[in-house]
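Same order as they appear, the protein sequences are chains A and B. First residue of the first sequence? That's 1 in the numbering used here, and the numbers climb one at a time after it. First residue of the second sequence? That's 1 in the numbering used here, and the numbers climb one at a time after it.
Treat the hints as calculated values from the structure; they're not laboratory data. Incorrect hints may have been included.
As the list claims (entries may be wrong) - Here are the simulated SDA-like cross-link-like pairs (lysine to any residue), alpha carbons at most 20 Å apart as the crow flies:
1. LYS88(B) to TYR329(A)
2. LYS84(B) to LEU311(A)
3. LYS118(B) to ASN182(B)
4. LYS301(A) to GLY57(B)
5. LYS166(A) to PHE253(A)
6. LYS88(B) to ALA314(A)
Stated by the list, open to error - Some chain A residues judged to face chain B by a derived CB distance under 8 Å, without partners named:
7. ILE130
8. ALA142
9. GLY222
10. VAL223
11. GLY298
12. ILE299
13. PHE308
14. PHE313
15. ILE316
16. LEU318
We treat Cβ as the ideally placed atom computed from N, Cα and C, and that holds for glycine.
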Amino acid sequence: MSTIQESAAETQAATVDAPPKKAMGLGRTASWVMLIAFLILPLLVKNFVIFQVTMVLIYGIAVLALNILTGGSGQFSLGQSAFYAIGAYAAAILIEHGGVNYALTLPAAGIICFIVGFLFGFPALRLSGIYLALATYAFAVAMPQLLKLGVIEHWTGGVQGLVVTKPDAPFGLPMSQDMWLYYFTLAVSIAIYLASVNLLKSRSGRAMMAIRDNEIAASAMGVDLSIYKTLAFGVSAGITGVAGALGAIAVQFVAPDSYTFTLAIALFLGMVVGGVGWLPGSLAGAAFIVFVPNIAEGISKGLSGAFFGVLLFAVIYLVPHGARQAAIYAETLFNKLRRS
Amino acid sequence: MELFINQVLAGIATGAIYACMALAIVMIFQAIDHLNFAQGEMAMFSTFIAWQLMQWGIPYWWAFLLTLIISFVAGIVIERVLFKPLAKAPVLTNVAGFIALFAIVNSVAGLIWDFTIKQFPTPFGSSPFLGSQLISTHQVGMIGVTLGLLIALFLFFRFTRIGLAMRAAAAMPESARLVGINTSWMVALGWGMASAIGAIAGILIAPVVFLEPNMMLGVLLYGFAAAVLGGLTSPLGAVLGGFLVGVFENLVGTYIPGVGNELKLPIALALIVIVLVVKPNGLMGHTVVKRV
Numbered sequence: 001m002s003t004i005q006e007s008a009a010e011t012q013a014a015t016v017d018a019p020p021k022k023a024m025g026l027g028r029t030a031s032w033v034m035l036i037a038f039l040i041l042p043l044l045v046k047n048f049v050i051f052q053v054t055m056v057l058i059y060g061i062a063v064l065a066l067n068i069l070t071g072g073s074g075q076f077s078l079g080q081s082a083f084y085a086i087g088a089y090a091a092a093i094l095i096e097h098g099g100v101n102y103a104l105t106l107p108a109a110g111i112i113c114f115i116v117g118f119l120f121g122f123p124a125l126r127l128s129g130i131y132l133a134l135a136t137y138a139f140a141v142a143m144p145q146l147l148k149l150g151v152i153e154h155w156t157g158g159v160q161g162l163v164v165t166k167p168d169a170p171f172g173l174p175m176s177q178d179m180w181l182y183y184f185t186l187a188v189s190i191a192i193y194l195a196s197v198n199l200l201k202s203r204s205g206r207a208m209m210a211i212r213d214n215e216i217a218a219s220a221m222g223v224d225l226s227i228y229k230t231l232a233f234g235v236s237a238g239i240t241g242v243a244g245a246l247g248a249i250a251v252q253f254v255a256p257d258s259y260t261f262t263l264a265i266a267l268f269l270g271m272v273v274g275g276v277g278w279l280p281g282s283l284a285g286a287a288f289i290v291f292v293p294n295i296a297e298g299i300s301k302g303l304s305g306a307f308f309g310v311l312l313f314a315v316i317y318l319v320p321h322g323a324r325q326a327a328i329y330a331e332t333l334f335n336k337l338r339r340s
Numbered sequence: 001m002e003l004f005i006n007q008v009l010a011g012i013a014t015g016a017i018y019a020c021m022a023l024a025i026v027m028i029f030q031a032i033d034h035l036n037f038a039q040g041e042m043a044m045f046s047t048f049i050a051w052q053l054m055q056w057g058i059p060y061w062w063a064f065l066l067t068l069i070i071s072f073v074a075g076i077v078i079e080r081v082l083f084k085p086l087a088k089a090p091v092l093t094n095v096a097g098f099i100a101l102f103a104i105v106n107s108v109a110g111l112i113w114d115f116t117i118k119q120f121p122t123p124f125g126s127s128p129f130l131g132s133q134l135i136s137t138h139q140v141g142m143i144g145v146t147l148g149l150l151i152a153l154f155l156f157f158r159f160t161r162i163g164l165a166m167r168a169a170a171a172m173p174e175s176a177r178l179v180g181i182n183t184s185w186m187v188a189l190g191w192g193m194a195s196a197i198g199a200i201a202g203i204l205i206a207p208v209v210f211l212e213p214n215m216m217l218g219v220l221l222y223g224f225a226a227a228v229l230g231g232l233t234s235p236l237g238a239v240l241g242g243f244l245v246g247v248f249e250n251l252v253g254t255y256i257p258g259v260g261n262e263l264k265l266p267i268a269l270a271l272i273v274i275v276l277v278v279k280p281n282g283l284m285g286h287t288v289v290k291r292v
């Protein structure tokens, strides 16, 4: 009997495959190319496209946060939409009721979500795998209903939600609101990306990855399981909160029904498409969840869901490990070309 | 007290729906070790097939039987064509595949049968059961079928060769292969059975929630909750979990003031999470011992 249980444990342990630490970030050249591309992009395209790319960056931050939690510490979450909602509402309420500058709402949203996530991490300590997924899922399902509660309607605006004013470019810079918001989001994204890569490279990041790879071995090596697991939850929630706040400012509107379970599913898909545990992949995943539903709708209105599913299947057949696999393939190809 | 008994009865009646769904979920979990998010949509599609057969004039029980066969075959085909190539891919990629399947099935059903609500017949009649207003003969029939299905499954897994082979393939694939079990086909068989059980669940549920492409959405959420509450490794736990969730949900709505329909689900889920924190492997699930 004991052998049966052992093999069951072994198959479960391999849920998140472990990318080597070196492969967590992008190479130097690739990073610079990406950065320059993102800097000049808004000068070449229309305002609507700028808005879409801003949304890709924002979702990219949220997917990155999930990636830290799942790819970094091996915990599942279907509740990211709840943290995203808290961040968005924190920003909207601070801007509209408190008159706070929009830039200052981001750290506020981050801190609030960090606290909520950290506290949520405690009951989550006892759960793992599917059971943790259910607990976080319950949180995601409850959030829109909680936001509609009559008690806090004065602050949240109830079912109608809140309208957020879009910020103008500061210092009289000659650019449109969309463009300014794009650069603002880009700066925040880069800061969060660098911080996340460094976090995973640090002592704490190594501890999280040790927990992901083998919990018991990690605790035997002296890693404090409860601290690092709750910390991972807190950091992930905090970053998601910042993304939510940015999202609220970019969309100029928050309402309970924008943050349903569907959003959590979308973020999850983004993580899988981008490659679990590969942080730059978050951007590819975010691009997938922003653009592919539109493409599917473009092919056929009635069958948009079917085409979305088919495209998703195509991606996971071609690259079961997500964009990371494509990047590795591209890198080897590039190196071969350079040598020949 | 009468209110309490009535609410518990009504809860058991809705719980039977969740129990059916949870049973299908646990079945496929045992065969493939993943939660199939598309399970509800597959059941919905099967129910539409049954409805279509009846529209063509086939009698209820023949349509029922045909639907079971079609669903069984379709489940196997889906596994062979779509998910066998992903057998070696990471678990999370498989879950993404389920979500893709969900989107495809939902959208195709919407295109073929459109989104208008359809009536679905019941073989048990819908008169009040023993004079009670809260529970109808259909719901009693549903509970009966669920329990019968549970016993049949228990007998199948306990006493037949193929049931034993399926359990072996799920518990220890490598060793099962060594003694000559075709583990890959066992997975396909698991899909087929889960799909057929889903079809039964769908056909039983449809007279209550009415037939339309999104009918399974809410049921699936509760079904998952029920399956996890009961412990994903135990069919009996799943059925028990289904009834418990139904009763929970009703009592919460009745006895906690200020809880409308909106807050019923979150509170029921919160209760389940509390249960899970106390018993992390569900009510009937056995503890997984980890190897260091």
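Verification of the supplied hints:
1. LYS88(B) to TYR329(A): The hint holds at about 19 Å.
2. LYS84(B) to LEU311(A): holds (18 Å)
3. LYS118(B) to ASN182(B): Distance ~42 Å between LYS118(B) and ASN182(B) Cα, so the pair is violated.
4. LYS301(A) to GLY57(B): Violated. LYS301(A) to GLY57(B) sits at ~32 Å, over the 20 Å cutoff.
5. LYS166(A) to PHE253(A): holds (10 Å)
6. LYS88(B) to ALA314(A): Holds, because 16 Å separates the two Cα atoms, which is no more than 20 Å.
7. ILE130: holds (6 Å)
8. ALA142: holds (3 Å)
9. GLY222: Hint on GLY222(A): violated, closest Cβ of chain B at ~15 Å, above 8 Å.
10. VAL223: Since chain B brings no Cβ nearer than about 14 Å to VAL223(A), farther than 8 Å, the hint is violated.
11. GLY298: violated (15 Å)
12. ILE299: violated (12 Å)
13. PHE308: holds (5 Å)
14. PHE313: With a minimum Cβ separation of about 5 Å from chain B (threshold 8 Å), the hint on PHE313(A) holds.
15. ILE316: Because about 5 Å separates ILE316(A) from the closest Cβ in chain B, which is inside the 8 Å limit, the hint holds.
16. LEU318: violated (11 Å)
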